[in-house]
Amino acid sequence: MLIMQQKTHPASITNFKFIKSTFPELYRLANEMEYYYSTDHSCALLKARLFAEIWCHQTAQFFNLKLAESTDLSQKINQLKLLSKVPTYIIDELNLILNMEYPKKRGWVSDNYPALYDNKVMSIFSAQNYSIIETNSMMRWKNFSDVDTKLCYGANIYSEFLEQILRKSIIRYFLEQYHDNTRRDVIRCTFNELNEIASQSSGPTYVFSHIYVPHPPFIFGPNGENVIPDHRDISGLQDWENPQGYVNQVIYATNQVSIVIKNIVKKL
4 MLIMQQKTHP
14 ASITNFKFIK
24 STFPELYRLA
34 NEMEYYYSTD
44 HSCALLKARL
54 FAEIWCHQTA
64 QFFNLKLAES
74 TDLSQKINQL
84 KLLSKVPTYI
94 IDELNLILNM
104 EYPKKRGWVS
114 DNYPALYDNK
124 VMSIFSAQNY
134 SIIETNSMMR
144 WKNFSDVDTK
154 LCYGANIYSE
164 FLEQILRKSI
174 IRYFLEQYHD
184 NTRRDVIRCT
194 FNELNEIASQ
204 SSGPTYVFSH
214 IYVPHPPFIF
224 GPNGENVIPD
234 HRDISGLQDW
244 ENPQGYVNQV
254 IYATNQVSIV
264 IKNIVKKL
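Under this note's numbering, the first residue of the sequence shown is numbered 4, with each subsequent residue one higher.
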């Protein structure tokens with residue numbers, strides 16, 4: 004059961020565990036970049052530059068190369084570029100960080116999101132001593148300060164910083180493939196937790212649960228079996244052009260929601 008209490012420090016959930024043991028300094032800077040990305044743009048960009056500087060030196064060290072001293076970041080990247088040993092994708096990623104822009108203010112994806120961001124219904128129930136529970140909705144547009152218990156938050160799915168770095172990168176394709184199992188775990192955990200809440204909850208309870216199916220990626224068959232998404236282009240998992248995949252997930256989601264409703268009715 005994936006459970007994380009509300010007061011857990013953000014650093015305990017990270018998108019960068021894959022470099023933690025090998026490159027601890029890069030790991031620290033990557034987490035700091037992500038932490039400041041949406042709150043302090045100048046600090047985030049400074050951390051990004053430091054990350055790239057260290058990455059240049061780590062890359063040079065790995066290939067037994069020596070970078071010229073007293074050079075700026077763009078010059079270091081160009082030095083690596085001139086050395087045929089360094090793969091092109093590393094140069095591309097370093098240049099993406101070098102040219103990273105301040106985050107642009109984006110509008111709401113849906114007219115419903117402003118209401119969700121500050122959930123007044125949740126606040127009203129909280130004031131009446133309801134137990135407020137939220138399952139991992141995989142939504143970034145929210146500010147749920149009244150939640151008592153967060154469920155199925157075992158891993159991050161969305162990252163503003165990763166989105167900025169990877170939006171034009173081939174690495175995005177592989178990152179999305181890596182997230183397949185995490186998405187499945189969160190969705191299955193959500194259905195399991197909803198069934199437990201329905202059968203065991205005592206006292207007034209308000210549950211907010213946004214479940215990420217049948218929205219793509221299409222990672223479930225009609226019986227809940229694992230399906231490998233059809234990666235047709237660089238956008239990978241976010242592909243709607245698979246009607247049968249959508250239908251299969253509708254069947255799976257409908258069956259699971261029906262079980263949850265039956266358990267809720269039993270408690271009435």
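Treat the hints with caution; some may be incorrect.
[What the hints assert, rightly or not] Quick list of in silico lysine to aspartate or glutamate cross-link-like pairs, EDC-like style, CA-CA up to 16 Å:
{"no.": "1", "residue 1": "K84", "residue 2": "D95"}
{"no.": "2", "residue 1": "K153", "residue 2": "D95"}
{"no.": "3", "residue 1": "K269", "residue 2": "E199"}
{"no.": "4", "residue 1": "K270", "residue 2": "D183"}
{"no.": "5", "residue 1": "K84", "residue 2": "D43"}
{"no.": "6", "residue 1": "K88", "residue 2": "D75"}
{"no.": "7", "residue 1": "K88", "residue 2": "E72"}
{"no.": "8", "residue 1": "K84", "residue 2": "E96"}
{"no.": "9", "residue 1": "K265", "residue 2": "D183"}
{"no.": "10", "residue 1": "K20", "residue 2": "E35"}
[Said to hold, decoys possible] Listed next, with one range per pair, are the computed distances between beta-carbon atoms:
{"no.": "11", "residue 1": "F21", "residue 2": "G206", "range": "27 to 35 Å"}
{"no.": "12", "residue 1": "T185", "residue 2": "K84", "range": "21 to 29 Å"}
{"no.": "13", "residue 1": "F65", "residue 2": "S45", "range": "41 to 49 Å"}
{"no.": "14", "residue 1": "N258", "residue 2": "L101", "range": "23 to 31 Å"}
{"no.": "15", "residue 1": "T91", "residue 2": "S261", "range": "46 to 54 Å"}
Bear in mind the hints are in silico, worked out from the structure with no lab data behind them.
Glycine residues also receive a C-beta, built at the ideal position from the N, C-alpha and C atoms.
Going through the hints against the structure:
Simply put, K84 and D95 have alpha-carbon atoms about 9 Å apart, close enough for the 16 Å limit, and the pair holds. Pair hint K153 plus D95 does not hold up; C-alpha atoms about 38 Å apart against a cutoff of 16 Å. A C-alpha spacing of about 12 Å is found between K269 and E199, which places the hinted pair at or below 16 Å, so the restraint holds. With a CA separation close to 34 Å, the supplied pair K270 and D183 exceeds the 16 Å bound.
Using a Cα cut-off of 16 Å, the hinted pair K84 and D43 is violated, with the two alpha carbons roughly 31 Å apart. A threshold of 16 Å between alpha carbons decides the hint, and for K88 with D75 the separation of about 21 Å lies outside it, so the pair is violated. For the hint linking K88 to E72, the alpha-carbon distance of about 20 Å lies beyond 16 Å, and the restraint is violated. Of the pairs offered as hints, the one joining K84 and E96 holds, with about 12 Å between alpha carbons and a cut-off of 16 Å not exceeded.
A hinted pair counts as satisfied when its Cα atoms are at most 16 Å apart, and K265 with D183 does not qualify at roughly 29 Å. Distance check on the hinted pair: K20 and E35 sit about 13 Å apart at the alpha-carbon level, within 16 Å; holds. Between F21 and G206, the C-beta spacing of about 42 Å breaks the proposed range 27 to 35 Å. A C-beta distance of roughly 34 Å is found between T185 and K84, which places it outside the suggested range of 21 to 29 Å.
Distance hint for F65 and S45: a CB-CB separation of about 30 Å, inconsistent with the stated range 41 to 49 Å. In this structure the hint that N258 and L101 lie 23 to 31 Å apart at CB is violated, the actual value being about 49 Å. A C-beta distance of roughly 50 Å is found between T91 and S261, which places it inside the suggested range of 46 to 54 Å.
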